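Those protein sequence lines, which keep their order, are chains W and D.
Residue 74 in the numbering used here sits at position 74 of the first sequence, with consecutive numbering throughout.
Residue 20 in the numbering used here sits at position 20 of the second sequence, with consecutive numbering throughout.
Do not rely on the hints blindly, as some may be mistaken.
Stated by the list, open to error - Capping the alpha-carbon separation at 20 Å, the derived lysine to aspartate or glutamate pairs in EDC-like fashion look like this: (1) K58/W with E101/D; (2) K49/W with E101/D; (3) K102/W with D56/D; (4) K102/W with D57/D.
What the hints assert, rightly or not - Which chain D residues stay away from chain W? Per the calculated CB distances, all over 10 Å, these: (5) I26; (6) D56; (7) N71.
These are computed hints drawn from the structure, not numbers from a lab.
Since the structure is predicted, the reported quantities are computational estimates derived from the model, not experimental observations.
Every residue, glycine too, gets a C-beta built ideally from N, C-alpha and C.
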Amino acid sequence: AQSVAQPEDQVKVAEGNPLTVKCTYSVSGNPYLFWYVQYPNRGLQFLLKYITGDNLVKGSYGFEAEFNKSQTSFHLKKPSALVSDSALYFCAVRPLRDSASKIIFGSGTRLSIRP
Amino acid sequence: DAGVIQSPRHEVTEMGQEVTLRCKPISGHNSLFWYRQTMMRGLELLIYFNNNVPIDDSGMPEDRFSAKMPNASFSTLKIQPSEPRDSAVYFCASSLAPHNEQFFGPGTRLTVL
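Make a model of the complete structure from these sequences and hints.
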């Protein structure tokens, strides 16, 4: 069965510092991996995805994520955090070749950037 | 493009009443998803359609919930009868295909008294 874990409910970082939001997954075969962001009272917004190719994926707002097959991880990173990055972040996974399988979202990590 | 459109944005109703939530996906998207979000349970996939056909409704909590997609540009999620534990934010999302990134609507905040 496929699953995705976000081990940290909350991450707090000072503005200007690098940030990492962790995600690990379990899926049969190769995965599609996604990151979404949710601002207060809004729907989720797509940030970036990994399908195949380069393990480092760049997305919106200066975010990037690194696919690590051996560690089954897809951590979200940003070199320098902004206060405006404060939001709820979701990792999601879906098997690459299983057309009938649905996407599974993690429980979310609340990112707080202090000025 | 206007993005995914949901209506109403807020709904307050009394227990036992029928509630209908509406969604218009992005034009050209073939997949549509209904989610429910609560503090306790997080984000839950209720049902998804591909080419207007329900593919997986295993997340629908019980028979009080039903969803339809009569055409490519419209879907409804109905709760009948509604209960206080149905109070949540309900999101609709669409994508080009089931494996593509999803675009979410603004959500409908449902309160059942």
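For each hint, the structure was consulted:
1. K58/W with E101/D: With a Cα-Cα distance of about 15 Å, the restraint between K58/W and E101/D holds, given a limit of 20 Å.
2. K49/W with E101/D: Holds, because 8 Å separates the two Cα atoms, which is no more than 20 Å.
3. K102/W with D56/D: holds (8 Å)
4. K102/W with D57/D: The given pair, whose Cα atoms are some 10 Å apart, holds under the 20 Å limit.
5. I26: holds (12 Å)
6. D56: Violated, because the least Cβ-Cβ distance between D56/D and chain W comes to about 5 Å, which does not exceed 10 Å.
7. N71: holds (22 Å)
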